[in-house]
Amino acid sequence: MNPRRRIAALTSLLVVLAMALVACTRPDQLPGEPEPVVLNIGATLEPTGLDPSTVSGAGTSYVLLYNVYETLVKLDEDNQLRPLLASEWTVSPDNLTYTFQIDPNAHFASGTPVTADAVVTSFERAMTDDSITSLVSGGFDPVESVEAQDDDTLVVTLDRVSHGWLYQMSGPAGIVYDPDGLETLDTQPAGSGPYLFDSWDTGSSITLATNPDYWGTGPRVDGVVFRYYADANAMNTAMVSGQLDAISNLTIPDALQLFEDESRFKVTEGLTHGEVVLGFNHENEALSVLEVRQAINHAINRKQLLATVWGSKGELIGSMVPTFDPWFDGSLVDHYDYDPEQARELLAEAGYASGLSLRLRIPTLPYGPSSARVITDQLAAVGITVQVEELQFSAWLEQVFTNKDYDMTIVAHVEPRDIGQFANPDYYWNYDNPELAEAIADADAAPTEEEWIDGMRTAARMLTEDAAADWLFLMPNIVVTTTEVSGIPVNAASLAIDLTAVATSR
Amino acid sequence: MKHSSLAVGGLLIGLIVATAVVGLFWMPFDPNALVGPRLQAPGWPHVLGTDAFGGDIASRIIDGAKRCLLIGVVSVLGAGVVGIPVGVVAGMSRSWFGDVLARAADILYGFPALLLAILFAAALGGSTWTAMAAIAIATVPAFVRIARAATMQVMGLGFVEAAQLSGTPTFQVALRHVLPNIAPVLGVQASVSVGLAILAEAGLSYLGLGSGQDEPTWGRMLREAQDQLFNAPLIALWPGLAIALATLGFNLLGDGLRDFLDPRLREIA
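In the order they appear, the protein sequences are chains V and P. Numbering-wise, the first sequence is residues 1 to 506 according to full-length UniProt numbering. Numbering-wise, the second sequence is residues 1 to 269 according to full-length UniProt numbering.
Calculated from the structure, these hints are not laboratory results. Each hint should be verified, as a subset may be incorrect.
[Said to hold, decoys possible] Here are the simulated lysine to any residue pairs, SDA-like style, with alpha carbons at most 20 Å apart:
(1) V:266 to V:40
(2) V:313 to P:39
(3) V:313 to P:37
(4) V:313 to P:123
(5) V:303 to P:54
(6) V:313 to P:54
(7) V:313 to P:53
(8) V:303 to P:168
(9) V:404 to V:286
(10) V:303 to P:123
(11) V:404 to P:123
(12) V:303 to P:38
(13) V:303 to P:37
(14) V:266 to V:404
(15) V:313 to P:38
Construct all of the structure, not just a fragment, from the sequences and the given hints.
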């Protein structure tokens, strides 16, 4: 480059920089006017669409549920149902009729009041529209009819007793949409929550603005921005350098030492519904044998795995039940103790004394490759050769989840109370156990709540005894915030990060 | 100092080849086994420490050496086998055909190895072989260009014209007169390309588009080390150093070869 051209290049660089600086200042801001308080929250799972009723994937509900959209009842951070749009509700003695009183103050962001009719419109759409995901429409399986008795009274009649139904209604299935906005839900969410959807910068961030006319007690900030990071290190450094006000769930527990400075950061460790499951393809000849599945359960040292993979944060569960569900059974945790000797004996019993070779196809999610490395090592010790194949999550969804082309896989199941997935023979595990399906259905339809809980506990035990999978651990909810931020829930009981009560002293 | 880059490059490559050869017969630990407590500092018996899982880093570096060499050499060989004949034909042809070949190679130049690897990984699943194929294909145009340019230069020389005028078949001319004369240039290109291929493989493995979990490569080790960057930065240092030294070695070797083989350049230097 000759000197003259270099000067020209430098000059143009300076001009560009100056323009960028000018763009940074805010000409619309009057002196003395307080700067809007916007919280920046680091997150990992970006939504794939904006309509929680038609988009599968937990990212959409994570941002929109309870924040932009509301349900009749909500799940608090202790995994308990609380009133939201329904200020109170009663259940008939035969457990078939639910009567909800809609809060007369409740209104959508558009100003339209939330009436029983609006709920009926939303629920009937979920029951009849073909584009609705099975997770949402499935919530209405036990429902016979939904009627508006008057403006504020909604009556839902079930055709069979279902103790789990109301719980389902606290999730994406139970969202009450603004009936005037149903046509444009893909681009413009229309709900009654404390936030309004503002914008989505695909691949980067989603902005929510605080709803100025919220009918309840809203947040004490002006908005939140979810910033998505593909790389956990980038998110952690953004937090350390002050670009973020919170990390919604830390994915490298080893990085906790970055946030040890208590004058700057607050760290909480809570529970989630995310069971990290080593799934077996029950169509595989070897894995269809109970002894082989039990051998794998005996061969894996889950305590050591949790220490290596997730820094001993999180819980051991032993079945498809998180510790804060009422039918959690602590005795299942050690049902298969770490015992390589017994694993070898079981394999010999099943006719695999000379060894066995299995393909472990995993998504490249934070827990995948690391868990696989530990499992490969521990299974090798009992004579099981594991070939690990890593897939991008989209490829995993297609090849493993949809086409069931795998022997073993690892994925976190984050939906609340999802033990019923083992009752579905078409699910990607190919696990066909009519007895279990019956046990779960019977429990759900049991006459009393106690019998329901007992029945679910029995189902969980059946799963463990049949070694239907190997439940590696329950994902913890590690939230990091600055000391200025309050109101972010400790536990992630629902699919949502509920920011209704969020505030900052900034 | 004469030929210093050739000596240093040769020494570095020799070191890596020796490591790879030793790794074929002996290794301190099983590179895939979790042999000790995780995140151990360098010491004894884990000379370079252990990684985030408790694997022996030194063993994984040694195991990775042979894989990196294999990927580098095989992908460059593949690229050469395809690229050199195409380049020679393009250089010898005096018709539009040569131009078409050259432009086709230019078009291929527009596809970075990364894009090809993503395509392959999507279609076939990421593995050492898809990474190798992607790097090989992306390296082909460089060989076509170099071979063509060198061939065109040789074609203008008297003895080639003499051979052609005396009725030697074109194929014989290419084999006897052109190839031996462009071989030094291609050798230099090959050496530099191996270095670039090792770097490209590291990049692909780092992005998860390369070799699998039970086949440690240096790029893969870097990726695994990334999560520990703040509490155990040394884990990232070793594979990073290995990649840097290998790439430097092949580049120096290429430079040295060029100085050594091209007398005109030698005089200037």
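Exercise for review: Compare the structure with the hints numbered earlier in the document and write down the numbers of the violated ones, lowest to highest.
Suggested key: 4, 8, 10, 14
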